[in-house]
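Enquirer: Model the full assembly from the supplied sequences, consistent with the hints where possible.
So the protein lines, in turn, are chains C and G.
The opening residue of the first sequence carries number 1 in this note's numbering; numbering runs sequentially from there.
The opening residue of the second sequence carries number 101 in this note's numbering; numbering runs sequentially from there.
Here are a few chain G residues that face chain C, going by a calculated C-beta distance under 7 Å:
hint: 1; residue: Phe109
hint: 2; residue: Asp117
hint: 3; residue: Glu165
hint: 4; residue: Phe171
hint: 5; residue: Cys172
Quick caveat, the hints were computed from the structure, so don't treat them as lab data.
Backbone N, C-alpha and C define an ideal beta-carbon position, used for all residues, glycine too.
The chain contents come next:
There are 2 protein chains.
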Amino acid sequence: MSDDQLDAFRRSIDDVDAALVRLLAERFRITQEIGVYKAAHEMPPEDPVRQHQKVDGLRQLAAEEGLDPDFCEKFLHFVMDEVIRNHVRIAESNS
Amino acid sequence: MSDDQLDAFRRSIDDVDAALVRLLAERFRITQEIGVYKAAHEMPPEDPVRQHQKVDGLRQLAAEEGLDPDFCEKFLHFVMDEVIRNHVRIAESNS
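Expert: What follows is the structure, encoded as structure tokens:
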């Protein structure tokens with residue numbers, strides 16, 4: 001099940017996926033710094049108000065970009081849950 | 101729990117998140133085209149060999165970029181599961 005048209009689609013997907021992985025790596029580098037900063041200042045790892053605002057704003061961006069806002073929200077929770085696990089680990093290793 | 105340093109970190113995160121949402125929208129636009137193409141050519145929605153290769157390649161990229169390869173793999177399955185649900189829907193609406 002391979003042909004030129006499908007191969008061209010797949011090259012585009014591969015480029016997008018590589019960019020997504022690099023951006024996720026960048027995101028976790030920043031949230032790692034935030035985790036260290038919050039732990040040093042004894043701030044809680046979670047900030048529900050900020051998370052709620054983020055979800056709302058990115059659902060709206062998703063809709064503008066033609067991405068299913070529900071999928072976008074699931075994706076954000078998927079990423080933010082991992083961030084919180086990391087922050088808890090940092091806080092625990094500091095205590 | 102707001103200060104200048106935390107605000108700067110958060111602006112960076114917001115920029116990365118907007119880029120992630122735009123890339124995901126782009127990815128689903130391409131996979132939507134692939135879904136239509138596969139349905140028209142009566143190809144199966146899934147391609148396990150291709151998926152396996154993708155996961156391996158992106159785990160390696162993740163490791164190079166400092167992203168947890170296990171998280172990267174979970175992310176890919178999260179996205180690919182949604183793609184397959186969409187492809188099945190396209191195939192069903194064509195049959």
